[in-house]
Amino acid sequence: MASTITTPVAGNTAAPPPAQRVRNRPAWASQHLGTALIGAVAGYAFGHWIGNVIGAGYTVPQSNGENDVAVVLGLALGALGYLIGIGAFNYPLAKLIGREPLPEVAEEGWQRYFRFNLDHKVVGMQYVIVSLLFLFTGGLLAMAIRTELLNPTNHFFGAGTYIAVVGEHGTIMMMMASSVVIGPLGNWLVPLMIGSRRMAFPRVEATSVWLFSAGYLVILTALPLGGFPTGWTGYAPLQTQSTAGMDSYLVGFAIIGMGMILAGLNLGATIINYRAPGMTWGRVPIFVWSVLATTALLVFATPTLVVAGLFGILDRTALTAFYVNEHGGSSFLWENLFWFFGHPEVYIMALPGFGIVGEILPVFSRKPLFAYKVGAAGMLGVALLSFFVWQHHLFQSGINPDMRPLFMLTTELISIPTGFIFLVGLGTLWKARIRFEPPMLFALAVYFNFLIGGVTGVFLSDVPVNVTVHGSFFVLAHFHYTIMGGLIFAFFGGLYYWLPKMTGKTLNRKLAIWHFWIMFVFFNLTFFPMFIIGLLGQPRRVFEYATRLQGLNDFSSVSAYILGSSFLIFAFNFVWSIYIAPKRAESNPWGSRGLEWQVPTPVPHYNFERLPVVVADPYHYDEPDQGVADFGTFSEPALSEVAAPGEQVPPADVQSPDDSGDLDPRPPIV
Amino acid sequence: MATPVTNFKETPEEIAYELRAAEGAAWIGSRSLIGVGSFIYASLAFAFFYLRSANQAQLWRPNHVTAPTEMGATIFALSAATAALSVYGMYRFRRGSVVDWEVAGWMGLLLGALGFALQIYELTRLPFYPGSSGYASTFIGWGVLNLVGLLGGCYWLETLLARSLRLRRAVAEDGGAANSTLPAARLFRASVEGCTVFWGFLAVVAVFFWILFYLI
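Protein chains in written order, with the numbering used here: chain A, 1 to 670; chain B, 1001 to 1216.
Calculated directly from the structure, the hints in this document are not laboratory data. Among the clues, some could well be false.
Here are the simulated lysine to any residue pairs, SDA-like style, with alpha carbons at most 25 Å apart [what the hints assert, rightly or not]:
#1 A:Lys95 with B:Thr1124
#2 A:Lys95 with B:Ala1042
#3 A:Lys95 with B:Arg1166
#4 B:Lys1009 with A:Ile434
#5 A:Lys95 with B:Ala1057
#6 A:Lys510 with A:Ile434
#7 A:Lys583 with A:Phe555
What follows is a list of derived Cβ distance ranges for each label pair [as the list claims (entries may be wrong)]:
#8 B:Pro1062 with A:Glu412: 38 to 46 Å
#9 A:Phe89 with B:Phe1049: 31 to 39 Å
#10 B:Thr1011 with A:Arg99: 25 to 33 Å
#11 A:Phe555 with B:Ile1216: 25 to 33 Å
#12 B:Arg1094 with A:Leu413: 55 to 63 Å
#13 B:Val1087 with A:Ser415: 20 to 28 Å
#14 A:Arg99 with B:Ala1045: 51 to 59 Å
These numbers come from a predicted model, not from an experiment. Backbone N, C-alpha and C define an ideal beta-carbon position, used for all residues, glycine too.
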């Protein structure tokens, strides 16, 4: 039985055979971010013009001076032009005439990050860049909010501007958070972790990242269009009544939603089908389990958001009445559809964070992951239950009071599988010799923060508490503790952990530790006072408040500025360590047993010289001599030897490619 | 500098393994797509029943207004016929008759495109204003979503038919697209199967909403 780790061979660098037809265009004639932006501008102008032509025949746009048809068509066609400009439609159009894809192209250099690229590692890095753009934009808006709240009566902004900034901040952050782990780390790591050379649908994957960036541009247009007064939840009837900034919200969320669905489709199909021989379900890394649970939410919950957004767009353009009570619609329809997506969305954000922490803890504890199967089951349980809790967001809406206990119960039930995940972490840490490296610090902080966020979540699921603190800063503090305290800390832990593999460079450890402590301390100093502020009665999204709360608000604001500055340390560290004074990273600096760490750095284009044959799960830190995978020559007979007891490895039933005629025997990239 | 990734020396076993994975991905992908579609249409159905039960301002469906029934029935019939042709084509395809599948496919494509065009036409000929009632609004929503579904289904079918024409010569000596063991043929079959199931799903959706909007 093959049971030792053999050193993998670095990527093959032999010259390509000349017979392959490859499109090599000069830089000026190729498609890249520049052509995408040109396409976006042209698409917007064209859509806006069409919208004006259509709107010219109707009295509503003429009388109120605002043509939502023009704005929506402009934004939608702008996004379409952006995708055409980057080249996302080249292959779908070529398919119309039966064309096969051209051979996959391995690009080198920084330009590849600004093109439509099919390498999952490039897509992952593209996601990193766009996610950080989202994060820093949303962070700047947060600073603006805290600046306004420095004084209860003297204002930096008008009331309308303030709510527009709040809405923009919330929406940008939620859009970012929905993809911040699944996009960068999910795309970059999943194939490597499961022993695959590729994604199932690389073009779908690449399209998802460009939709993500298109959504960023669209939501940015909300501010020049007047913003939207609804906050990130977009509640009707305010949604129907507000100005053109609302169109950016609806179109932007729909675009981001489509990107999320595509990302989920691709990742789910990849995990199910592309696991290496011997990578049975009992050996799948816990991060991959978290991604799999998340893909189920992406595929099944996000369509509801897209449809809800479509209804909103139709209300604002075709003048339907989905959310207009006076015309047979109902504003609560939006609330229901939105939260049917919105609550699973919370777990779309949280689960991958748990997965990251589950990967980091065993490495820095040098212990097996405690109760691995319980952790995986917990993630699936959370994903399933998250579809049955959405009504707790509507406790105050006048729903049938008899329904409240039911949704209170389902919401409280979800704390059980979440508790499983906590149990896994605590059991792993028990009696461990912990190495306090930056990734581990962030992972430990996730448990601290999420405990506070989770426990206050249990409070909020109880109807009496919910009724008392609804719409207050208490709720705001709760979800910042779960999303920022959980997800964003996990994201940075993951970045510090995997960036040496992703970039081949080592980040400065001291700066990373400074980043952690400032972020951790001032995160808590920023948001913990908000629980008190909320209990004392300050409502969210209102820029004036009781003067007796100024001290707490000022304390929170000053802490927020320092919290914000901690991200600058990360940005500086990132630029300094990777571009200005790069220091080459070792292949496996943390001594991890994960499959992704067993390949050379930088990771070859096709990941594995030979497909690995997995022989154990990656968490046997108590048995240092046991290998994880055999990287030797892949051969079918080995498959039956590596299956875990009771698990079956699918048989080989394909013909030898030697008789494959003139067609490329390799499966085409679809 | 762009270089093609053709220099990777995969072993026959690796190629076989990845091919099997690609077939599985086609299966999972098409079913996941149906999952996405299910939640999209379920959202519309939820809106229908929610607004119907709420009946705000007594404006769910004043005077029992109905969209043009004959046109709606025709669109439904066209969707169902395309699905039936896809299923029949698949049945013949599995028995080795690629030409039968192609003929059924082109016919289905024609009918599906006709249904698409008729759906657009119907939306311009409604006897009610879009915002006049809850029923009117949800009907507009159905029209838009049905257009998206039909367009997606027609696109998938057309690309397969075009691919079939190009594939014909390449797999002729290996038993044709229905029997060839070549990877391209195997993946083609997986996609045909997925497309057929997708059209079946669209037909079920068409039946469901036809009953909802025209019968009850």
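Going down the list of hints, with the structure as the test:
{"no.": "1", "hint": "A:Lys95 with B:Thr1124", "result": "31 Å, violated"}
{"no.": "2", "hint": "A:Lys95 with B:Ala1042", "result": "30 Å, violated"}
{"no.": "3", "hint": "A:Lys95 with B:Arg1166", "result": "11 Å, holds"}
{"no.": "4", "hint": "B:Lys1009 with A:Ile434", "result": "42 Å, violated"}
{"no.": "5", "hint": "A:Lys95 with B:Ala1057", "result": "50 Å, violated"}
{"no.": "6", "hint": "A:Lys510 with A:Ile434", "result": "18 Å, holds"}
{"no.": "7", "hint": "A:Lys583 with A:Phe555", "result": "39 Å, violated"}
{"no.": "8", "hint": "B:Pro1062 with A:Glu412: 38 to 46 Å", "result": "43 Å, holds"}
{"no.": "9", "hint": "A:Phe89 with B:Phe1049: 31 to 39 Å", "result": "37 Å, holds"}
{"no.": "10", "hint": "B:Thr1011 with A:Arg99: 25 to 33 Å", "result": "29 Å, holds"}
{"no.": "11", "hint": "A:Phe555 with B:Ile1216: 25 to 33 Å", "result": "60 Å, violated"}
{"no.": "12", "hint": "B:Arg1094 with A:Leu413: 55 to 63 Å", "result": "46 Å, violated"}
{"no.": "13", "hint": "B:Val1087 with A:Ser415: 20 to 28 Å", "result": "46 Å, violated"}
{"no.": "14", "hint": "A:Arg99 with B:Ala1045: 51 to 59 Å", "result": "38 Å, violated"}
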